[in-house]
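J.: Place chains X and Z on chain E using the hints.
Chains as they are written, first to last, in the numbering used here: chain E, 539 to 727; chain X, 539 to 727; chain Z, 539 to 727.
You may find that some hints are simply not true.
From the structure, some residues in chain Z lie toward chain E, with a derived Cβ separation under 7 Å [said to hold, decoys possible]:
(1) D636
(2) P638
(3) T644
(4) L645
(5) M648
(6) V651
(7) C655
(8) L657
For the chain X half of the interface with chain E, some residues (derived, Cβ under 8 Å), not all of them [what the hints assert, rightly or not]:
(9) G563
(10) Q566
(11) G611
(12) L615
(13) A619
(14) A623
(15) A629
(16) V630
(17) A632
(18) L633
Computed Cβ-Cβ distance ranges for the label pairs, DEER-style [to be verified]:
(19) A555(E) to L618(Z): 33 to 39 Å
(20) D575(E) to A551(X): 48 to 54 Å
(21) P691(X) to A690(E): 45 to 51 Å
Bear in mind the hints are in silico, worked out from the structure with no lab data behind them.
Note that the Cβ used here is the ideal one computed from N, Cα and C, for glycine as well.
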Amino acid sequence: MRLRAAELGILFAVGAAGGLIGDAGHVQAGTTTYLDDATPFIWESALWFPILVGLATASIGELRLRLGAPRPGFDPLLGLAGIAAVLAIYAVTALVYDEPEGPATTLVVMLAVLVACWLGGGGPALVCGIAAALVGPLAEIVIVELELAEYAPSADSLAGVALWLPALYFAFGYVAARLAELLVARRRA
Amino acid sequence: MRLRAAELGILFAVGAAGGLIGDAGHVQAGTTTYLDDATPFIWESALWFPILVGLATASIGELRLRLGAPRPGFDPLLGLAGIAAVLAIYAVTALVYDEPEGPATTLVVMLAVLVACWLGGGGPALVCGIAAALVGPLAEIVIVELELAEYAPSADSLAGVALWLPALYFAFGYVAARLAELLVARRRA
Amino acid sequence: MRLRAAELGILFAVGAAGGLIGDAGHVQAGTTTYLDDATPFIWESALWFPILVGLATASIGELRLRLGAPRPGFDPLLGLAGIAAVLAIYAVTALVYDEPEGPATTLVVMLAVLVACWLGGGGPALVCGIAAALVGPLAEIVIVELELAEYAPSADSLAGVALWLPALYFAFGYVAARLAELLVARRRA
Numbered sequence: 539m540r541l542r543a544a545e546l547g548i549l550f551a552v553g554a555a556g557g558l559i560g561d562a563g564h565v566q567a568g569t570t571t572y573l574d575d576a577t578p579f580i581w582e583s584a585l586w587f588p589i590l591v592g593l594a595t596a597s598i599g600e601l602r603l604r605l606g607a608p609r610p611g612f613d614p615l616l617g618l619a620g621i622a623a624v625l626a627i628y629a630v631t632a633l634v635y636d637e638p639e640g641p642a643t644t645l646v647v648m649l650a651v652l653v654a655c656w657l658g659g660g661g662p663a664l665v666c667g668i669a670a671a672l673v674g675p676l677a678e679i680v681i682v683e684l685e686l687a688e689y690a691p692s693a694d695s696l697a698g699v700a701l702w703l704p705a706l707y708f709a710f711g712y713v714a715a716r717l718a719e720l721l722v723a724r725r726r727a
Numbered sequence: 539m540r541l542r543a544a545e546l547g548i549l550f551a552v553g554a555a556g557g558l559i560g561d562a563g564h565v566q567a568g569t570t571t572y573l574d575d576a577t578p579f580i581w582e583s584a585l586w587f588p589i590l591v592g593l594a595t596a597s598i599g600e601l602r603l604r605l606g607a608p609r610p611g612f613d614p615l616l617g618l619a620g621i622a623a624v625l626a627i628y629a630v631t632a633l634v635y636d637e638p639e640g641p642a643t644t645l646v647v648m649l650a651v652l653v654a655c656w657l658g659g660g661g662p663a664l665v666c667g668i669a670a671a672l673v674g675p676l677a678e679i680v681i682v683e684l685e686l687a688e689y690a691p692s693a694d695s696l697a698g699v700a701l702w703l704p705a706l707y708f709a710f711g712y713v714a715a716r717l718a719e720l721l722v723a724r725r726r727a
Numbered sequence: 539m540r541l542r543a544a545e546l547g548i549l550f551a552v553g554a555a556g557g558l559i560g561d562a563g564h565v566q567a568g569t570t571t572y573l574d575d576a577t578p579f580i581w582e583s584a585l586w587f588p589i590l591v592g593l594a595t596a597s598i599g600e601l602r603l604r605l606g607a608p609r610p611g612f613d614p615l616l617g618l619a620g621i622a623a624v625l626a627i628y629a630v631t632a633l634v635y636d637e638p639e640g641p642a643t644t645l646v647v648m649l650a651v652l653v654a655c656w657l658g659g660g661g662p663a664l665v666c667g668i669a670a671a672l673v674g675p676l677a678e679i680v681i682v683e684l685e686l687a688e689y690a691p692s693a694d695s696l697a698g699v700a701l702w703l704p705a706l707y708f709a710f711g712y713v714a715a716r717l718a719e720l721l722v723a724r725r726r727a
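If we strip away everything but chain E, and leave its shape as in the complex, we get (with noise of 0.2 Å):
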């Protein structure tokens, strides 16, 4: 691995603890309903989704440092920002989920690429945003398939998940990559 196992964990906690307080806005809201009390819950998710969270964002974090050397440069703030720009993200999610769903992804695609934008970090980041978006829907997609869980019918079409899910993954893989990076630049520091 080039992510050390302390970073991996702290990739790993982050994610964690983003995807705990994203769902809860989620559930809280009505975009989504666990409809499976078999596993124990955390707050308002099952435990597994913030365990899946937290493997993706190591999993980016790792893939990001095998794309390429990763940007020098330890910014603390930078990596702050970052993750509030995307539980930003998250919770627009969660408020816009039940307005016309045109608009609603509209936004949350171009806050994505404002994040994109912002982040920089050309081809390596581009695929860690792009791995995001395909693989977080299709886990999800799956997850409604077993029945797990479920989209309020007004954000259900894309194969039963959000037509903005790809949007909110994409700014994840980004900053995800971004971490890794910063994580790297901070042995250094």
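T.: Showing chains X and Z alone in chain E's frame:
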């Protein structure tokens, strides 16, 4: 013309495509309604709407270049971010059109101010922003007067159009001006 | 005082005007309601509200200068952008007050974190942000206890005020601190 034919074509295409996306959000949300189906439609829009927005984008770009030397530096991500910012604000207007007019207008105005402060550009950019903020809403007021389209009762207090409409066009003017600068800088890149 | 009388006056005027605009949004949306009409009103606000916000803005500015040397560099657009950012968040709170408290609070908190990361300023700015996040909501809790005003039932879970209120004041504190720095830098510009 200061802009070459291909550059005017790019601005027209970007504006027309952006107008289509933004207008689809307005129509789907119910912010605006077309009242006349005598002209052909494309997606949710009467054909003349994206054409007008495309012409406005190219015109603002040409105006920008006649107002002074453009800034150097070709950064396609800056152009992409500018387009995304305007479309994000456009989507916000679709989502808040039925909210109280005061805070909805404050939000759109402040987002437009943030776009202007971010893109900068001094007097020439400001002139483009103000020109767009005047001409765009005036054109839409004429469209409403001609009974070709109408704004929802919750968003028609500015002579039949929305109170936040000048702010949306103000941000559009700043971005169109910046895109024109980037196209000139691209000649040497 | 570290700030000159004219500078304190500018901060007071900016804060009072911003308070009027933001509060009008809250009143028009129904986020807050004034319960006492014994005092004169200005626009939608009881006269004492913009006065208190103006005094708080000047106080935070003065506090900032007592906490350490201000950063150099006079950039009026940065000040304008800071004011616009706080008023945008203020308007967001008016628009989401009747949404589920979880995602609404997450959104406002994350926007405030983004403002803090953007403006930076280290320890002194953080102290100003935290001071505002403590004193502002406490003052509003007293106002609610005195039955001068109330928050809507969907936004009163923090001892009668909204759960997102500290985050709004946190962003306000950062911006007031930055404005004070800019005013000092303006002396040499």
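J.: Would you mind marking each hint as holding or not holding in the structure?
T.: Evaluated hints:
no., hint, in the structure
1, D636, "violated, 11 Å"
2, P638, "holds, 4 Å"
3, T644, "holds, 4 Å"
4, L645, "holds, 4 Å"
5, M648, "holds, 4 Å"
6, V651, "holds, 4 Å"
7, C655, "holds, 4 Å"
8, L657, "violated, 10 Å"
9, G563, "holds, 3 Å"
10, Q566, "holds, 4 Å"
11, G611, "violated, 15 Å"
12, L615, "holds, 5 Å"
13, A619, "holds, 4 Å"
14, A623, "holds, 6 Å"
15, A629, "holds, 4 Å"
16, V630, "holds, 6 Å"
17, A632, "holds, 4 Å"
18, L633, "holds, 5 Å"
19, A555(E) to L618(Z): 33 to 39 Å, "holds, 35 Å"
20, D575(E) to A551(X): 48 to 54 Å, "holds, 52 Å"
21, P691(X) to A690(E): 45 to 51 Å, "violated, 28 Å"
When the structure is compared with the earlier hints, violations turn up for hints 1, 8, 11 and 21 and for no others.
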